Each structure stands twice: as C-alpha cells, then as structure tokens.
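There are 2 protein chains.
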Amino acid sequence: MEKLSPAFFIGKEGSGIISFGSGQPDLPPPKEIYEMLPSFNRFKYGLIQGDENLRRALSREYENSDKDNFVITNGASEALDLIFRVIANGEGGKVLVHKPYYYSYPHLIKAAGMEPVYTETVKGKIDIEDFKKKVKDCKAVLINSPSNPTGRVQDIETLKEIERVTQELDIPIVSDEVYKDLIYIRENYMLTGPHIITVNSFSKTFAMCGFRVGYLYSNDKELVRRVIDLKSHTSMNTSIISQEMAYTATKVPKDKLKEDLKIWEERRDLICSLLEELGLEFWKPEGAFYVLPKVKNPEKMLRDLYEKHKVITYLGEWFGAPGTIRLSYALDKEKIIEGIGRIKKYLEEEGEI
Amino acid sequence: MEKLSPAFFIGKEGSGIISFGSGQPDLPPPKEIYEMLPSFNRFKYGLIQGDENLRRALSREYENSDKDNFVITNGASEALDLIFRVIANGEGGKVLVHKPYYYSYPHLIKAAGMEPVYTETVKGKIDIEDFKKKVKDCKAVLINSPSNPTGRVQDIETLKEIERVTQELDIPIVSDEVYKDLIYIRENYMLTGPHIITVNSFSKTFAMCGFRVGYLYSNDKELVRRVIDLKSHTSMNTSIISQEMAYTATKVPKDKLKEDLKIWEERRDLICSLLEELGLEFWKPEGAFYVLPKVKNPEKMLRDLYEKHKVITYLGEWFGAPGTIRLSYALDKEKIIEGIGRIKKYLEEEGEI
Numbered sequence: 120m121e122k123l124s125p126a127f128f129i130g131k132e133g134s135g136i137i138s139f140g141s142g143q144p145d146l147p148p149p150k151e152i153y154e155m156l157p158s159f160n161r162f163k164y165g166l167i168q169g170d171e172n173l174r175r176a177l178s179r180e181y182e183n184s185d186k187d188n189f190v191i192t193n194g195a196s197e198a199l200d201l202i203f204r205v206i207a208n209g210e211g212g213k214v215l216v217h218k219p220y221y222y223s224y225p226h227l228i229k230a231a232g233m234e235p236v237y238t239e240t241v242k243g244k245i246d247i248e249d250f251k252k253k254v255k256d257c258k259a260v261l262i263n264s265p266s267n268p269t270g271r272v273q274d275i276e277t278l279k280e281i282e283r284v285t286q287e288l289d290i291p292i293v294s295d296e297v298y299k300d301l302i303y304i305r306e307n308y309m310l311t312g313p314h315i316i317t318v319n320s321f322s323k324t325f326a327m328c329g330f331r332v333g334y335l336y337s338n339d340k341e342l343v344r345r346v347i348d349l350k351s352h353t354s355m356n357t358s359i360i361s362q363e364m365a366y367t368a369t370k371v372p373k374d375k376l377k378e379d380l381k382i383w384e385e386r387r388d389l390i391c392s393l394l395e396e397l398g399l400e401f402w403k404p405e406g407a408f409y410v411l412p413k414v415k416n417p418e419k420m421l422r423d424l425y426e427k428h429k430v431i432t433y434l435g436e437w438f439g440a441p442g443t444i445r446l447s448y449a450l451d452k453e454k455i456i457e458g459i460g461r462i463k464k465y466l467e468e469e470g471e472i
Numbered sequence: 120m121e122k123l124s125p126a127f128f129i130g131k132e133g134s135g136i137i138s139f140g141s142g143q144p145d146l147p148p149p150k151e152i153y154e155m156l157p158s159f160n161r162f163k164y165g166l167i168q169g170d171e172n173l174r175r176a177l178s179r180e181y182e183n184s185d186k187d188n189f190v191i192t193n194g195a196s197e198a199l200d201l202i203f204r205v206i207a208n209g210e211g212g213k214v215l216v217h218k219p220y221y222y223s224y225p226h227l228i229k230a231a232g233m234e235p236v237y238t239e240t241v242k243g244k245i246d247i248e249d250f251k252k253k254v255k256d257c258k259a260v261l262i263n264s265p266s267n268p269t270g271r272v273q274d275i276e277t278l279k280e281i282e283r284v285t286q287e288l289d290i291p292i293v294s295d296e297v298y299k300d301l302i303y304i305r306e307n308y309m310l311t312g313p314h315i316i317t318v319n320s321f322s323k324t325f326a327m328c329g330f331r332v333g334y335l336y337s338n339d340k341e342l343v344r345r346v347i348d349l350k351s352h353t354s355m356n357t358s359i360i361s362q363e364m365a366y367t368a369t370k371v372p373k374d375k376l377k378e379d380l381k382i383w384e385e386r387r388d389l390i391c392s393l394l395e396e397l398g399l400e401f402w403k404p405e406g407a408f409y410v411l412p413k414v415k416n417p418e419k420m421l422r423d424l425y426e427k428h429k430v431i432t433y434l435g436e437w438f439g440a441p442g443t444i445r446l447s448y449a450l451d452k453e454k455i456i457e458g459i460g461r462i463k464k465y466l467e468e469e470g471e472i
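Protein sequence lines correspond, in order, to chains A and Y. According to the numbering used here, the first sequence holds residues 120 to 472 in order. According to the numbering used here, the second sequence holds residues 120 to 472 in order.
So that you can see chain A by itself, here it is in the shape it has in the complex (with noise of 0.2 angstroms):
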C-alpha cells in the first residue's frame, strides 16, 4: 500500500470528496489582483530582492522598516530555505522547533544541513521553561505562532521573554508568521529585535497560495544581504506577474481581510461544536484553520476515512503529535457538517463513540 503523506493527497480533492487536507483557503483572493493582468507587458528579469513597489509597500506595514529590510521569495517556503542554509553556512548547528509542527520544518532545517531540537508545549503553547533550557546550544529558533497545526497563538508574556532570552544569547529567531491575518482571540504580536527574522506570505491572507509570494523581513543588513547573494544562484527574482499581483493586493482596503476572519471564526465554531458533540478531545483553535482532535487509532482512521468515506484528513505524526489527526476547516459550513457527519460515522462503526 503507498505510503500516506502530504503529497499523497495532492489532486485527489475531487468529486464527493470532503477535503480536511490542504492547508488552504477556498474563500477567493481579492478581484483586484486578476484586474491588472490584461495590462500587464513585461517579460525581463527583475531585481533577485524583489519589485520595489512591493517591497515599499510592505515596509509601510512594518514599523521602522524601509524597502531594503525585505526579500521577496517564492512562497513563505523558499524564504525558510534561503534563511536555514544562510545560517546553517555550511557548518550545522541546532534549530529549535516548538511540537506540534508545520511538517515542512525539519525537511527544511535538516536539508540546510542542521538539526531540528523539540520543545514540548502545554496545549500547544510553548513552556517557557523547557524552552530556555534547550535554547542555549541552539544556532537558531523557529516560531510558529498561530501554528499549523494546532492553530494555537502563543502568549504575549512567552513572546516577549522568548525575544528577550534569544535577544540576549544573540541567537536569532526565525518568526513564520504567515497566519498573523487570522487570529480569532486577539492583534497579531510580531516578535520584534534585531535579532528577529519575520517570515510571511500572501497566500494565507490574501488566498494567493497558487501564486507563490512570500517574504521576509530582517533588520540584519548582512543576513539580508547574504540571502539575496544564494537566491541570485538558487532561483533568481520571483515571478514578476505574481509579484505585480501581490502588489495590486497591497492596495486592497483591508475590510475584506476582516469580513474574511468573520467567516473562519464561524466555521471554527461549528467544527469545534460539531467536535465537541463527537467527544472528541482538542485545543480550541485561536488563529489560522486548523484543529488536532485526538483519536484511537490515527492511521487505520485516515485510510478508512478516505478509502470507505470519501474523506480526507491529515495525520497528527507527520506535524509531531502522533495520537491525532489534523483537519483543516477551509471549507463552507455545508461541507464541514456533511464531512464531520461522515468522521462520526466511522466513529460510530469502530464503536468509539
């Protein structure tokens, strides 16, 4: 039998299939972004830092910040390359990762050649304690807040005392904050220091998945520097019509990003109350569009899910938390009934509920 992954999954959300898979939205980017593209001409490369007019308006964003402090990437993904492999110089080291995490991370930080530690969490937040003690022979840090996969947004007291701790052993932090648009429980706090490197994307904000825009954000002339000099080898500029369109997203008023989290906070109600109903065990998600229930038997449940039940979920072990299933709710009411409806079926066929 193929082994289940990630990429199993890809292309198979179709017809009947109720998809908790892929961590994307369904609810459109803005119209804005499509408008431009029938005047849009150019076909020449462009600068390996990315499109100064979205690197100025992203500045404008981030306070104290000016153009020169971004590098446009493809997608949130390749800035964590490009920031690993600058650190990681050929020399290793250790990077701090907090459990439960995006699946990607030790892909990543193991392919820069480094190694990833584990910090246990409390419900999915981060024990300060833990933390300080495995932070001292770490290279770097890397924050997830809210995470994928748990949803969970640390405390602002963690925050500041992760910031100050790292400040002061000069080891700088690595903040994905790509679902800082989508917290349900209060403002984004944006981890902030010298010694801070904000990574974030257009795809989760503005739906822009597809388009592959993502960047990041460093007051380290040097590391900024060093990241445009690999990307000039490993990839070049980023596509110059997804930039443009990333752009025209910039200028969108942004009440549409709040009548967006008005949807996903509803849809994280329902399923939390649908969850509920079933039983199951789970943090209540505080920002982006997961949720960890715990169950019996994770792996049987995810073949059967979506071999006997047209149903797709995510396995808890390939983000560090084994015991669970990730389901992402980017999906209408409707689906999210019809889909948990079917979980509950299984459930109840297995007798565990």
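Derived from the structure by calculation, the hints contain no laboratory data. Since we're looking at a predicted model, the values are computed, not measured.
For chains that are exact copies, the list does not tell them apart, and a pair is met inside one copy or across any two.
Listed next, the in silico SDA-like pairs over lysine to any residue satisfying Cα-Cα at most 20 angstroms (straight line):
1) 122 / 348
2) 229 / 209
3) 429 / 457
4) 163 / 136
5) 163 / 454
6) 213 / 232
7) 186 / 126
8) 463 / 388
9) 229 / 208
10) 131 / 164
Starting from the structure of chain A, add chain Y where the hints point.
Relative to chain A, chain Y alone:
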C-alpha cells in the same frame, strides 16, 4: 569602492547606458502568452511537480518521455539547485565542470555541500582526454552546451563520448541546455541516456526570464521523486500563472523561434566583425548570445567602461575566464554598433589599439 559583480549592475541598465551585461533576450516573448491573462482566475496550490498540461506539452518535445519525467521549477536555477542537493544527499562529492562556466555553477555546487572541479577547454571545447581523467572520482558532471559565457557548442563526437564514459562509470550528467534553441551551426544534440538530467527553461527560448519557468527532464524516476519531495518543502509549486503562460508558449508555432534565430545570428556576425576590426581575440560564438574577447586589463576596463563610457560589461573572471570580458549581444544592431564604438574609444585612450 564597491566590489563589482553581476548583481552590482542589476537595475543600472538605464538612460544612455549600453549594456552588454545581463544575459537576457531583448526580443519580446510571443504575444500569445499575454492573451490568456484576462481569463486567468485560479488561485489554489498547483502540483509540486508542475502543471500537467505543461508537462504533457513538454513530453511531446522529448522522445520517449512522458509527463512524469518532468519537474517544473522556478527557472533553470532552481532545477540545478534541487538536482545538486538531491545528488549531494548531505554527503558531498565532486562535480566536474568545464571552463569557462556560468558564474552561478560553483556557487550552486558549493551551496549543495559539493565541490566543483574543473576541466580546461581548448577554445571553449572540452578536451575529452582531460575530461576522462578527471571524471573518475566525480559524483556528477555538469555540461553546458551552448555555453554561457563562451557561446561555444560542444562537438557531437565529444558529447557522445561523454555520454558513453559517464554511463559506464554510472555518473549522472546534469546537462544545462537552456540555449538549445539558439544554435547557429547545427541542430541541438541532446545528451541522452538513463543517467542524463536535462535542465531547460522558457527564459531564453521564449524571452520569459522574469516569469521564472524552468524544468528538468530525467528518466530516473527515483531522482524525480526526490526532487519533488525536496521542492515540496523548499518552494512548493512554481507560480501557477507563470506556468500557464509557459504552457501557452508551447503552443506557439515554431516559426517565431526560427525568425528570432536569424536576428540573433545577424547580431553575432555584426559583433564579431566589429571586435575583429578592433583586433581583439575571441572564440567565435556558435550559439547563445555571448562573446568573450581577451583584453589587457579587464578590471580597469570594466570600471572605466561603466564610469566613463556608460557601457556595462562583465568580467570573464566571474566565469572562470580571467583576462577576458563577457559581452552579451542581446541588443539591437544600433546599440551594438554604438557600444563597440565606445569600447573602441576606451581602447584608443588606453593606447591599446
């Protein structure tokens, strides 16, 4: 004084400046690639391996291939980066490169944790005896014909011998054929065999540099699988809209390519005759759009040409060819004549002619 590098000149190709620098076509892409833009409305993730229509179209250009043999990448650069990282497999190894070489090659090889080793060429043509000696303890070979920066095309007998020797030794060849449609002396001879990984791109053939669509082709299914796996973490799919434009380009009648080739050849002949008039020594380009004349004091010449004569040229040393400068003749004839005129003036002032 700021260190000169190709990156130094990016964005400086402005008013009054004649640039023989960056290697990108000035002839526009097929107009059809823009015509589909108004109807484009997708936004979700694409397949990591690349759009199926695009891969199917490519497979029609490569004998005995199917769509599963291709991976679409962010330009040829990303294809090379992924391939070397997969071949290195965290264990390093040597990669044989012929001199002069595209300036990113040593960087890419080192960034993958590997070591570039060089075989010298005779007037840009591979010395097969030196090649055979050096290839034995290499983990991979990188071939680039037509070559950037020399414009030289390897002889078919040499390429066949390289195919044979490396297959016997079971050493993969990475064949960067991005200039395959810009050859003046014959049709392209594509390296073939189970151990060949062909890298190509829409950048030079279709003047689509800024859109960043490249690809690799290989019959080694395990290698393809590992490349996709790595890309799923490091950048995910290539921009869906750039890919759609590339797919449109595959449907354009090949006549345009032939018409373009005629223009390139006229430019080649023009710049060669002008350089001959100046008494400069060079190898006649047989493909691509670069020529590498020998000069007396390349670094001084580069600076003076830029600062005093508003002409951008590249240092041969960046490409492993000290004692030369690289001229890209992706310019209309008037600019070529004006630019070489300014170079003549410099040489006269220096008393070199």
